[in-house]
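> Use the sequences and the hints to build the structure in full.
Listed below are the residues making up each chain.
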Amino acid sequence: MTRKQWIAVGVIAALIVIPVVLKLARSDTHKAVDVEHVTLRALTPTVLASGSLTYESQVTLAPEVTGRVTEILVEEGDQVKREQLLMRLDPAAPRAAIEQSQAQVRQARLSIERRQVDFDTQVAKVKRFEALRSQGMVDVNSLAELVSARDLAEVDLRTSREQLSQALAQLRQAQEQLAKTEIRSPLDGKVTAIYVKVGQTAVPSFSGISGSTLVDVADTTSIDAEINVDETDIARVKVGLEARVVPAAFPDKTLMGKVDQVAIAPRQQAGQNKSYPVRIRLTNTVGVVFHPGMSCRAEVLTGSQDSVKVLAVPVQTLRYEDNPDKSSSAEKSVASVFVYDGSRAVKRAVTTGTADDSYIAVTSGLKEGEQVIVGPAKTLLFLLDGEKVNINVKNAAAAKK
Amino acid sequence: MNNLALSVALATAPSTAFAELRERPRFWFPLLLLVASTVAIIYWYYSTVDIEWLKDAMFSNNPDVLKLPEAERAARMAMLSRNTLLWSSVIGTVFVLPIVFLLSALYLLLAAKVTKLPQGFKHWFAFSCWTALPILLSTVVAAIFLIISDTAQVSPGVLQPLSLDELLLHRPFGSPGQSLLASLSIPSVLSWILMIIGVRVWSQRSWAFSAIFILLPVVVLYGIWAFVAFR
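Just so you know, the protein sequences line up as chains A and B, in that order. Counted from 1, the first sequence has number 269 at position 269 by my numbering; the numbering is strictly sequential. Just so we're on the same page, my numbering is the position in the second sequence counted from 1, plus 401.
Don't read these hints as lab results, they were simulated from the structure. No false leads were slipped in.
Reference excerpt, derived from the structure (chain A facing chain B, CB under 7 Å, subset only): (1) GLN5; (2) ALA8; (3) LEU15; (4) ILE16; (5) PRO19; (6) VAL20; (7) LYS23.
Quick list of the computed label-pair ranges, beta carbon to beta carbon: (8) B:ASN484 - A:ASP230: 30 to 40 Å; (9) A:ALA13 - B:ALA414: 16 to 26 Å; (10) A:GLY342 - B:ASP451: 18 to 28 Å.
Every residue, glycine too, gets a C-beta built ideally from N, C-alpha and C.
Quick look at the structure:
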């Protein structure tokens, strides 16, 4: 080979060898991971659900008659007593109806008087003709005509009496309509919402149009959380179980409560799983600035193992893979964790038990004191068995603190 | 001079090689060699890489993708399968490489017409194919990388092992400007040097003329690309 050829070969060889050497030098990098010791812990299994806070007793008052709102006597937040007048609707129409009914009553009474006179006359006539007939002074036909007229007068009298009853009923109905123009509180409590303004027309309706609801009154002495529990969890939720409720507005405040009611029938909204409404009676609501309808998150404690401690690892450490054993008795997936052995991540198959929000019990595969890799999430996601790792010193120091 | 001898001559005596190419322009050997070797290395890479890791690497560093709603990002990730990536890359290579050589030859033909060089399209197409042969160096190094790698989580940068990005900068895959830096590589520089020598041999003009002839479109192209990537 000529000198030029040697140089060319040397350059090409260098271009191949140098990147390879650089690559090899760089490939000795360890992934930084966070680890946690496997320890004994008491787990508290829970069912998580979300919902909203509500007063135990809350009513929405709706108009029963159509009428313009003439007066609103309370404001939102006012304390009210049972039967206290809250607002008035225009009474003009019911009053006119009452006057009309009263006139009809008077007319019916006059009609009765008239029919009574008529009937009494017919009775007297019949008596007189019967006396004359016994003396043979009148014929049979004339007497029969009078008896018939007397019977008709009696029917007319009864008809008039029924008309009076009808008029009286209409009068009562009109009076009730008038009473319904006064909206009164059905319970002792607080006005939580007013939906109408003076001048607006109240309309009895189920369609939720404007004016179809007037005012909300709630008994504010007790607060409930109404949560929707997924159908897969509902079997574990029972009346009397303890629950922790965290309002969205107070993420640092946990309210304790007890399950008070579990619905029999599910609710299903379009595009969502079936869920069952569960009512939790809150016990320590003193000092909570409460607005009805506030969103909340609830954990129902479905089992307490306070006295039993088990080996547990953070739930995020577990990786589930399809079980190669396809026999019917085998689990569909197998769980594993990565154990830190001092320099590498070693994949270890484990069997798991009960879990709470943060930790899951490990019944086999790990020993107390071993270090499992808990993060970072992305590193853990793509970690390979035997891969070189080292402990993220910064996070480890922060965890110790 | 046969094709193999011509390939060796390009490395050892490029002036002689270009003189030979001027007399007997041909392109099938380098064209097929480059397409076949590139397809082979791409097939190897996408057949063995940890595809879920790769998808995450592709999406998690791309600011345009990160702006998308979670659901849309997940849908896009789900659409990308191993086969999709593999065959789109293979088909892309089979079509894109000849098109790049074609465009290069068209530019060279146009520039030759303007500067009154006598060579025709076939000459310049052969010129483009032969001067791209340094790409083979990348393919060889990529193959070595794949052999020595002890994990399936291999960055796509391994396909361009002699690029500025892979050798020095190591920017995350998909990050702004990463593709520009990955395209600037030692084989590209070698190709430009060969082209300048080739133009000098074919035109019998100065080094300055040959350098401007070749580097003008390179400067314009990379200038625009850099402006778009880093603005």
